[in-house]
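K.L.:
So the chains spell out like this:
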Amino acid sequence: MAALPRRIIKETQRLMQEPVPGISAVPDDSNARYFHVIVTGPEDSPFEGGLFKLELFLPEDYPMSAPKVRFITKIYHPNIDRLGRICLDILKDKWSPALQIRTVLLSIQALLSAPNPDDPLANDVAELWKVNESEAIRNAKEWTRKYAMDN
Amino acid sequence: MSQNERVQEELEALEAILMDDISIIYNDQGCAELVKSTIFPSTANEVEKQYVCVTLEVQLPENYPDCKPLIKLKSPRGLDDSTVDHLYREIDKKCEEYIGQAVIYELIELIRENLTESNLPTCQCAVCLYGFSEGDCFTKTQCFHYFHNYCLAKHLIVTEKHYHEEQEKLPAWKRSTEGFQATCPVCREPISCDVHDLRSSLPPKELENAQKFELTHELKLLQENMQKLFSYQKSKGGIIDIEAEENKLLLITNSSDDPSDENSDDPGPSIPTNITEGSLENGLLKNQRCFNRFTNNR
Ligand SMILES: [Zn+2]
Ligand SMILES: [Zn+2]
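Protein sequence lines, in the order shown, are assigned to chains A and P. The first sequence begins at 1 in the UniProt record's numbering and counts up one residue at a time. The second sequence begins at 1 in the UniProt record's numbering and counts up one residue at a time.
Some chain P residues near chain A, calculated using beta-carbon distances under 10 Å:
| no. | residue |
| --- | --- |
| 1 | Val-158 |
| 2 | Leu-207 |
| 3 | Leu-222 |
| 4 | Lys-228 |
| 5 | Lys-236 |
| 6 | Ile-240 |
Bear in mind the hints are in silico, worked out from the structure with no lab data behind them. Predicted, not measured: the structure shown is a model, and the values here were computed from it. Glycine is no exception: its CB is placed at the ideal position from the N, C-alpha and C atoms.
Okay, chain A solo, but in the shape it has when bound (with noise of 0.2 Å):
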């Protein structure tokens, strides 16, 4: 494997150094541009208490294009499909190298607050938030308590 660049180096020293509260990102063994993420379900959210599981990946020309992520937690969430993908701007066309794997984490983390309906990547999910958003809420908090929770 090619040299580790800088950036790579000074991010997961400063992800240590300063944590991001409610964020844990820990960079793999065997290779170290594949992170192992925590994500807490933020506070007054359906997806409080839980403890998620993501993976995230430097890609080659990191920080030139953007990192792929995705939840290993199943997750009931609008604009997270069942197989984790998340459907987030950052993550996509909007990205920028000055973002950050503390800042992907962050907007991630602010999707669970502020779940987007009307940008579903989970079709029937987002259809049951717009339609029936208690019960999306109910389903949401279920699984929180059902898949995310620590021993």
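We have chain A already, so just place chain P with the ligands on it with the hints.
P.N.:
Frame of chain A, contents of chain P with the ligands only:
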């Protein structure tokens, strides 16, 4: 010449040279007490290229210039502590050397030379996250953001390439007629830069000399905790099974009128059937092999 006359002569000369850039404060007896001047690096009057400055305050004791004046450096901008300390030492040397002679103009020149040498923004380049060192080529954008030329060039080349790739995908009538507009990585304001000029710059120095990555004990512990959580959630069926979900996805796409492939009580989301490769750009399908490798060897 009396003492006061010598000081008076020095101050008149200073006022003649520096004009509004100097202010002199007199005491009740009409003797000059304090001389103040804010000093900038010499940048051939290009104010937008002045990234640092400092205010020099010279207090004149009664028997100046036969003793050293008292020096204070105030409101340093863009200078770190070690640069300021270094300046104080240089100033003291100069004052020592000039006992008995007019020294203020010498001090101003000394400081200006030093500022010109350290005339670099102290912020970081948002692209590489490293600072600006002497000799680094960098650009200040119209929106007041600083980037190494090397880093900005990379950004401009990649975004322009992406722009053209996206345009290619569109039908002719949908393509933009305006052409590519470069934007600032930090604030997305439009910027105009000459990529060919920028790309010839060398990589930033700090970037070249930065330390290597090490897996610390702390990191190992964090990794272990992550692993524990993963195992626990897996035992509860909380981990997304990519292969199973992908098979479901195939089923859904193949028989769009048969939603009954749910094999659990999950009210869960399914992949919309009309999803396009483009809209999955952020998804990890392209990297799936790599991810499966990671998720499988746990
Ligand atoms: Zn840079
Ligand atoms: Zn800007």
